[in-house]
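The primary structure of each chain is shown beneath.
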Amino acid sequence: MNMIADTMTANMDNKPEPQVNLDIEYTETVGAYTCDDAKISTRDVNVFYDTNQAIHDVSLDVGRNEVIALIGPSGCGKSTFLRCLNRMNDTIDICRVQGKILLDGENIYSKKQDPVLLRARVGMVFQKPNPFPKSIYDNVAYGPRIHGLTKNKAELDDLVEDALVKAGLFDEVKDRLHGPGTGLSGGQQQRLCIARTIAVQPEVILMDEPASALDPIATAKIEELINELRKNYTIVIVTHSMQQAARVSQRTAYFHMGRLIEVGDTNKIFTNPKHELTEKYITGRFG
Amino acid sequence: MDNLEFDQHTSKEYNNELEDVRNHLLKMGGMVENQLRKAMLSLKDRSVELANDVLAKGDIIDDMEIKLDGECTRIIAKRQPAASDLRLIIAVMKSITDLERIGDQAEKIAHILKDLMSLDYQSPFYVELDHLGQKVLGVLSASLNALARLDADQAVELVEKDQLINAHFLELNDHLIEQMVRAPIEVKALLHLSHCAKSLERIGDHAKNICEYTIYLVKGKDIRHKDIQAVKEKLF
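Each protein sequence line maps, in turn, to chains E and D. Okay, so the first sequence: first residue is 921 according to the working numbering, each after it adds one. Okay, so the second sequence: first residue is 37 according to the working numbering, each after it adds one.
There could be a bad hint or two in this list.
In silico DSSO-like cross-links for lysine-lysine, where the CA-CA straight-line distance does not exceed 27 Å [unchecked claim]:
1. E:LYS1086 x E:LYS1141
2. D:LYS114 x E:LYS1141
3. E:LYS1188 x D:LYS255
Keep in mind the hints are simulated off the structure, nothing from the lab. Every value quoted in this text rests on a predicted model; they were computed, and no experiment measured them.
Input sequences plus hints: build the corresponding full structure.
Okay, here's the thing in structure tokens:
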């Protein structure tokens, strides 16, 4: 295991420290941002898009086998923060990430860390279902094939079936595994994407508004699936639906203008938040 | 966060709905308070008309409870309230149950008073009962004010006062029992007075419940069945 490295940056260029323009008076995060058994630990994370600071000093632990919901108004930085957790922001040239992000104590921004392998450990499901233009089977088998997770066809078949079962999709597609993934309904496509993520046996699943493009029934299935997946995975979910956050997560973190304002037990956040900004957001008082 | 505001939502319609619920709750509270006041006046003036008036208005309070329950249910279904909005709805739904029961107790008192007046029973206990009634009326009125002003400090003081009402009731009841022993012929009338006193004591309990909901609404803590001194030290 790597020793904890000092502050790392995603892009190691020597740009001058950008000027920070604070629009809100900064107070320290309300609530316990640490966990006893943290799968992911972030400390003093700052993210810049060129000179524009999107995330300010965010420290947050994600507990093992926990679902944590990141909520906040549009542009608050919750998706940016989520994307830091598997280095998806590396693909954006002007993006710089500072601070510590540890997965099981290892700095994911260390030079030794291969981002491709990291993304196998920390999978991601996006807002819009994005199956490959391939068969259902090949969508799920794609990851295990490129990572060499199976030795033969029989093992791959088992792995694909297992992923589809875990994603709650197998019974609906078992008779058409070689039909196109894009022929499924929106909800089924999203569960296919979850199966594709699970197939590479990740430890953490990041979900960026996974049900925002789905109808209520498909959404309920995804939420039920999240509850099931929690037994085996750690899940970080960004959602605009506060009811969804309340239903699926054990902890909730509220972001506002790039800052982590409050984090705590979901039941408490939704009945008795401590910070006025959290209260205003979850009660719909932001105009 | 004690400075609760219910009129700052992005949706003005939602503001109006919450405002309506609050207004209707306070209106119901005012009506219930009036019922008790009239019942106590009926006791003081030995007025059958006032007792009848209390009995006639009972249905209006029942209707208000049903109406408010419906409004709260619709808000939950349509708005999925959270945080202070959720606590407001919960506090309203619980408070109206207590208010309706206070209304029932006021009706019960009115019934008993009519029976007592038909017995033509004269006793100094009427004055003692009136003292208890005025005390309960004062606490009920203050409880409704605390709810209207979202004043948790006043609410917690009133929760404590319920013990005084209970003590007053027990003392009065002891006196009534002593009188029953001394003058068995008066037992029927004395039992009526004892039932009146018990109704007043129950109204005190309901007023205390309303104060507890006010504290829940303002502070976000459920203090029911907790030691009030410990609550004061921790929350205030």
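(request) Output the numbers, in ascending order, of every earlier hint that fails for this structure. (result) When the structure is compared with the hints, none of them turns out to be violated.
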